[in-house]
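**Student:** Each chain, letter by letter, is given below.
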Amino acid sequence: MSSREDILGRVRARLNRGATNAALAREQMLAALSQRTQGPKPAVDAAPEALLARFREKSEVMASTVDIVATEAEVPAAVARYLVAMKLPKTAVAWPSLTTLDWATAGLTVEGRGARDADLVGITGCFCAVAETGTLMLCSSPGTPAAVSLLPETHIAIVRAPRIVPHMEDAWNLARKELGSLPRAVNFISGPSRTGDIEQTIVLGAHGPYRVHLVIVKE
Amino acid sequence: MESKSMHFKANASAKLADVVLQGNLKNAKGKFVTARAKAITELDDFEATRDAAVAIRNKVIDNLDIWLETFERKAEDTGAKVLWAKDGAEVCRLVVEIARKHGVKKVTKSKSMLSEEAGLNQALEAAGVQPVETDLGEYILQIDDNDPPSHIIAPAVHKSLDDVANLFHKVHGTPRKTEIPALTREAREVLREHFLSAEMGMSGGNFLVAETGSVALVTNEGNGRMVTTLPRVHVVVTGIEKVIPTLEDLSTLMRLLPRSATGQSISNYFSILTGTKRPGDHDGPEHLYFVLVDSGRADVVASDFHEMLRCIRCGACMNHCPVYQTIGGHAYGWVYPGPMGSVLTPLYTGLDKALDLPHAATLCNQCGVVCPVKIPLPELLRKLREKQTEQGMRPFTERLGLRLWAWVAQKPKLYALGAKIGARYLKWLAGDSDRIRLLPAAPEWSKGRDFPAPQGKTFREMYAARKGQP
Numbered sequence: 001m002s003s004r005e006d007i008l009g010r011v012r013a014r015l016n017r018g019a020t021n022a023a024l025a026r027e028q029m030l031a032a033l034s035q036r037t038q039g040p041k042p043a044v045d046a047a048p049e050a051l052l053a054r055f056r057e058k059s060e061v062m063a064s065t066v067d068i069v070a071t072e073a074e075v076p077a078a079v080a081r082y083l084v085a086m087k088l089p090k091t092a093v094a095w096p097s098l099t100t101l102d103w104a105t106a107g108l109t110v111e112g113r114g115a116r117d118a119d120l121v122g123i124t125g126c127f128c129a130v131a132e133t134g135t136l137m138l139c140s141s142p143g144t145p146a147a148v149s150l151l152p153e154t155h156i157a158i159v160r161a162p163r164i165v166p167h168m169e170d171a172w173n174l175a176r177k178e179l180g181s182l183p184r185a186v187n188f189i190s191g192p193s194r195t196g197d198i199e200q201t202i203v204l205g206a207h208g209p210y211r212v213h214l215v216i217v218k219e
Numbered sequence: 001m002e003s004k005s006m007h008f009k010a011n012a013s014a015k016l017a018d019v020v021l022q023g024n025l026k027n028a029k030g031k032f033v034t035a036r037a038k039a040i041t042e043l044d045d046f047e048a049t050r051d052a053a054v055a056i057r058n059k060v061i062d063n064l065d066i067w068l069e070t071f072e073r074k075a076e077d078t079g080a081k082v083l084w085a086k087d088g089a090e091v092c093r094l095v096v097e098i099a100r101k102h103g104v105k106k107v108t109k110s111k112s113m114l115s116e117e118a119g120l121n122q123a124l125e126a127a128g129v130q131p132v133e134t135d136l137g138e139y140i141l142q143i144d145d146n147d148p149p150s151h152i153i154a155p156a157v158h159k160s161l162d163d164v165a166n167l168f169h170k171v172h173g174t175p176r177k178t179e180i181p182a183l184t185r186e187a188r189e190v191l192r193e194h195f196l197s198a199e200m201g202m203s204g205g206n207f208l209v210a211e212t213g214s215v216a217l218v219t220n221e222g223n224g225r226m227v228t229t230l231p232r233v234h235v236v237v238t239g240i241e242k243v244i245p246t247l248e249d250l251s252t253l254m255r256l257l258p259r260s261a262t263g264q265s266i267s268n269y270f271s272i273l274t275g276t277k278r279p280g281d282h283d284g285p286e287h288l289y290f291v292l293v294d295s296g297r298a299d300v301v302a303s304d305f306h307e308m309l310r311c312i313r314c315g316a317c318m319n320h321c322p323v324y325q326t327i328g329g330h331a332y333g334w335v336y337p338g339p340m341g342s343v344l345t346p347l348y349t350g351l352d353k354a355l356d357l358p359h360a361a362t363l364c365n366q367c368g369v370v371c372p373v374k375i376p377l378p379e380l381l382r383k384l385r386e387k388q389t390e391q392g393m394r395p396f397t398e399r400l401g402l403r404l405w406a407w408v409a410q411k412p413k414l415y416a417l418g419a420k421i422g423a424r425y426l427k428w429l430a431g432d433s434d435r436i437r438l439l440p441a442a443p444e445w446s447k448g449r450d451f452p453a454p455q456g457k458t459f460r461e462m463y464a465a466r467k468g469q470p
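So the protein sequences, as listed, match chains Y and D.
Per my numbering, residue 1 is the first one in the first sequence, and the count goes up by one each step.
Per my numbering, residue 1 is the first one in the second sequence, and the count goes up by one each step.
Pulled out of the complex, with its shape left as it was, chain Y reads as follows:
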């Protein structure tokens, strides 16, 4: 007997599985999968200004820094400003989907591709953002590779304010509506990577970025 049959067989025996209770269990399962009942959620004011304010506040709690600009055209200059202020290189890897922005005029050298170990700055967008916890939702695809937000020491993320949703549940609904099925990797990111494994002392920059900077576009 295969291990699969052995394991499932013992579970079935313990549950006194028979045709009748199996049919009932399947019915309950299908109901659960189609109803997708949501649990209790902390109240989040869904007015656009309030969503933005909460997202910003919670992001800062998670040690991200935040800049707000009016239009997408202002993003390259905002990124350049941050890199100069932080004395960081003006060369970056970005999601291929972001190469339409005019990085050169802002004095930046930006390559749209997957990330490599040597990349020091990674620029990404996000699928949406969650106000409840100050969290970015990134979905992998050819235009949005996962490692760009992971390998570089600095991660800069562009967040469009209308894409800030109250809760993670809203993010799932948006993904179902716009993507149909889940991409290979959905990464929820809340601030720079960190560890507390030596004497429970929090240190930023464990294996992923040391710093996460958010450029929020209001339009």
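No wet-lab data here; the hints were simulated from the structure.
Backbone N, C-alpha and C define an ideal beta-carbon position, used for all residues, glycine too.
Do not take every clue at face value.
Some chain Y residues near chain D, calculated using beta-carbon distances under 10 Å [stated by the list, open to error]:
{"hint": "1", "residue": "6"}
{"hint": "2", "residue": "9"}
{"hint": "3", "residue": "38"}
{"hint": "4", "residue": "69"}
{"hint": "5", "residue": "96"}
{"hint": "6", "residue": "182"}
{"hint": "7", "residue": "206"}
Keeping the supplied structure of chain Y fixed, place chain D upon it in accordance with the hints.
**Tutor:** Chain D alone, transformed into the frame defined by chain Y:
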């Protein structure tokens, strides 16, 4: 991992005398407990969220076979392969086979307690595959001659800064550093090389989502993302009880897990991984395997202990346990310490292999109060004690003593006489003090505590004397 739970008493005594460990435990306790207390107030209704989490976990565990079949089908639809392992030995065999099939020389690992259960690192090494632990805590333990973890969330909580500084200096051959950020940077650089060169990544699974056939991983360091993004093979080793129905359920459980574990509102990284690298993708594994592990879990379904299967491995029970906080995790002798470990170890390794663990609790119910999925841990510990007694596993002297007491207790006159003599003897023993330092009948037991001295008369004597008085 071989269980050393039979030596609980001796281990616990040694840990009590360990000054460094005692300091670390005190330090960690304050941080986890305070942060959790604050974090749960962010939820408008913590209790309702707990109830919802209980319902989610029960929904699956009460029909585990059906949910497992569904998860398996969904995962295979995404291009993953689903394998099943009855025990640790089979986990090792399957993972080594996968490594061989794909010509793997090095495996980077994100934290997996099940891999500890199975002793997977030893098996990989024996097969000529280098396992590299990448969670900072697990890495520290691995390079310290495979020191076992002492906490499921903070595996190296028993190590001091000094320990880590000496260890890195010795193993990496670098100048000795004493600042925590510098040590973290050093580990980052060493491990980055491994992340980039490993052909296979291994992770546990915080949850398996039946709706989408995905695995959900929670990490703060980003190592979970590294091992599931960079290597060309990803193997998930996880218990059969980890299935949950939907992404909505995942959101509910994620409101509880980081808060209960470290007191964070959310972990820095929370990844939901579905299938393999898609056409045109720049990163992600070409092969994804799930190894669904039984190792004792199937037999807990619909048993007296079924509630234990709800556990989401947050570690809140140990953070709040006066016994764990006093002796640390190693004394428990196996993979899982604290109250959840005292239930799981006998269930998964055998009741007779961990005789002291169900007794390593004051039954104060701190663990039950903080458990995000409301597992009645003290009740389960009590049930384990009952099983031990039913199966004649308690020591001969204890059994004899209890039988003697039962016999006497059925004879009221004899019982009264015994109590009378006993009360006077103990009063005499206490002398002028109101405490007895050492009970001759139970020297071991009274070594760590004083026994209150009786008044010299029994309750019944005093009751008889006062009868009729106003």
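**Student:** Look at each hint and say if it fits the structure.
**Tutor:** Okay, the hints, checked on the actual structure:
Nearest Cβ of chain D to the Cβ of residue 6 of chain Y: about 6 Å, under the 10 Å cut. The hint holds. With a least beta-carbon distance of about 9 Å to chain D, the hint placing residue 9 of chain Y at the interface is held under the 10 Å criterion. Hint status for residue 38 of chain Y: holds, given a least beta-carbon distance of 5 Å to chain D, under 10 Å. At a threshold of 10 Å, the smallest CB-CB gap from residue 69 of chain Y to chain D is about 25 Å, leaving the interface hint violated.
With its C-beta approaching chain D no nearer than about 8 Å, residue 96 of chain Y sits inside the 10 Å limit, and its interface hint holds. Among the interface hints, the one on residue 182 of chain Y holds; its C-beta lies about 4 Å from the nearest C-beta in chain D, closer than the 10 Å criterion. A least Cβ separation of about 4 Å between residue 206 of chain Y and chain D falls short of the 10 Å threshold, and the interface hint therefore holds.
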